[in-house]
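**Q** The listed protein sequences derive, respectively, from chains A and B.
Start counting the first sequence at 189; every next residue gets the next number (the working numbering).
Start counting the second sequence at 6; every next residue gets the next number (the working numbering).
Incorrect hints may have been included.
Taking lysine-lysine pairs in the DSS-like style, the calculated list, with each CA pair at most 30 Å apart, reads [stated by the list, open to error]:
| # | chain 1 | residue 1 | chain 2 | residue 2 |
| --- | --- | --- | --- | --- |
| 1 | B | Lys-75 | A | Lys-267 |
| 2 | B | Lys-75 | A | Lys-190 |
| 3 | A | Lys-230 | A | Lys-267 |
| 4 | A | Lys-267 | A | Lys-288 |
| 5 | B | Lys-75 | A | Lys-288 |
| 6 | B | Lys-75 | A | Lys-230 |
Over 12 Å on every C-beta distance to chain A, these chain B residues come out as not near it, computed from the model [stated by the list, open to error]:
| # | residue |
| --- | --- |
| 7 | Ile-17 |
| 8 | Gln-23 |
| 9 | Gln-42 |
| 10 | Asp-67 |
| 11 | Arg-73 |
| 12 | Leu-83 |
| 13 | Val-93 |
| 14 | Ser-99 |
| 15 | Gly-101 |
| 16 | Gln-102 |
| 17 | Gln-106 |
| 18 | Gly-109 |
Honestly, the hints are just simulated from the structure, not real lab data.
The structure displayed is predicted, hence computed values, not measured ones.
For glycine and all other residues, C-beta sits at the position ideal for the given N, C-alpha and C.
The chain contents come next:
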Amino acid sequence: RKEVEQDPGPFNVPEGATVAFNCTYSNSASQSFFWYRQDCRKEPKLLMSVYSSGNEDGRFTAQLNRASQYISLLIRDSKLSDSATYLCVVKPPRGLSGFKTIFGAGTRLFVKA
Amino acid sequence: DAGITQSPRYKITETGRQVTLMCHQTWSHSYMFWYRQDLGHGLRLIYYSAAADITDKGEVPDGYVVSRSKTENFPLTLESATRSQTSVYFCASSDGQYNEQFFGPGTRLTVL
Numbered sequence: 189r190k191e192v193e194q195d196p197g198p199f200n201v202p203e204g205a206t207v208a209f210n211c212t213y214s215n216s217a218s219q220s221f222f223w224y225r226q227d228c229r230k231e232p233k234l235l236m237s238v239y240s241s242g243n244e245d246g247r248f249t250a251q252l253n254r255a256s257q258y259i260s261l262l263i264r265d266s267k268l269s270d271s272a273t274y275l276c277v278v279k280p281p282r283g284l285s286g287f288k289t290i291f292g293a294g295t296r297l298f299v300k301a
Numbered sequence: 006d007a008g009i010t011q012s013p014r015y016k017i018t019e020t021g022r023q024v025t026l027m028c029h030q031t032w033s034h035s036y037m038f039w040y041r042q043d044l045g046h047g048l049r050l051i052y053y054s055a056a057a058d059i060t061d062k063g064e065v066p067d068g069y070v071v072s073r074s075k076t077e078n079f080p081l082t083l084e085s086a087t088r089s090q091t092s093v094y095f096c097a098s099s100d101g102q103y104n105e106q107f108f109g110p111g112t113r114l115t116v117l
């Protein structure tokens, strides 16, 4: 089982649609969680951190379910500019192998007019 | 307001040559990281550094060497480049072990 798994997609949605991404992680003791956005041939950029209580930033809502070991990202009222790859990032506790940051392979989103 | 920069942005080299990729950040972040990104693998950590003169291996360190003599710089050296090291390399920095990371624009390296 991969340490972090995402649906690779692609998700093809019309403008204005609501789309949800899920990400599962294997280490139940993981400390922090993030969603990053990556545009084609560009660097990943932080979209939002994910907190235990859930958090919202405009059209974006992130949630964490520790019991089931997954995080989610909900995008409402999709815009053309939301087209990108969304990366789930999990930071397990420091172990014998040292510090780790685990990136999911990403979910591609295409928003069409 | 440079943030984090990488150089060169593009590099073509030949098998067996030594290549150094540069990374510079202006935030005085303690942590710095090197990743490679390949299709089908996502981002994989090569090396990281918690502070000047403190470095440690990540997931895929073989064939790479790093140093961190100054907080702001974190160069990555491919001692003898191989074709399997053709990739996009991203440098990142963070002000805490569990905080968000900020990425540089990347270096596209091709090894012929």
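**Q** Next step is simple, just say for each hint if it's right about the structure.
**A** How the hints compare with the structure:
For the given pair, B/Lys-75 sits about 42 Å from A/Lys-267 by alpha-carbon distance, which is inconsistent with the 30 Å threshold. About 35 Å separates the Cα atoms of B/Lys-75 and A/Lys-190, which puts this hinted pair outside 30 Å; it is violated. Restraint check for A/Lys-230 and A/Lys-267: satisfied, since their Cα atoms lie roughly 19 Å apart, inside the 30 Å limit. A threshold of 30 Å between alpha carbons decides the hint, and for A/Lys-267 with A/Lys-288 the separation of about 33 Å lies outside it, so the pair is violated.
The straight-line distance between the Cα atoms of B/Lys-75 and A/Lys-288 is roughly 22 Å, inside the 30 Å bound, and the hint therefore holds. A C-alpha spacing of about 27 Å is found between B/Lys-75 and A/Lys-230, which places the hinted pair at or below 30 Å, so the restraint holds. For B/Ile-17, the requirement that its beta carbon stay farther than 12 Å from each beta carbon of chain A is met, with the minimum near 17 Å. Against the 12 Å criterion, B/Gln-23 stays outside the reach of chain A, whose nearest CB is about 25 Å from its own CB.
B/Gln-42, annotated as away from the interface, has a beta carbon of chain A within 12 Å; the closest lies near 9 Å. B/Asp-67, annotated as away from the interface, keeps every beta carbon of chain A farther than 12 Å; the closest lies near 15 Å. The Cβ of B/Arg-73 sits about 14 Å from the closest Cβ of chain A, beyond the 12 Å cut-off, so the non-interface label holds. Under the 12 Å C-beta cut-off, the non-interface status given to B/Leu-83 relative to chain A holds; the minimum distance is some 20 Å.
Its closest Cβ contact with chain A, about 8 Å, brings B/Val-93 to no more than 12 Å, contrary to its assignment away from the interface. Once the 12 Å rule is applied to beta carbons, B/Ser-99 is inconsistent with being away from chain A; the minimum gap is 9 Å. A cut-off of 12 Å between C-beta atoms contradicts the statement that B/Gly-101 is not in contact with chain A; the least separation is 9 Å. With 12 Å as the threshold on Cβ separation, the claim that B/Gln-102 sits away from chain A is violated: the shortest Cβ distance comes to roughly 6 Å.
For B/Gln-106, the shortest C-beta to C-beta distance to chain A comes to about 7 Å, within the 12 Å cut-off, and the non-interface label is violated. Not every beta carbon of chain A lies more than 12 Å from that of B/Gly-109, the smallest distance being close to 6 Å; the non-interface claim is violated.
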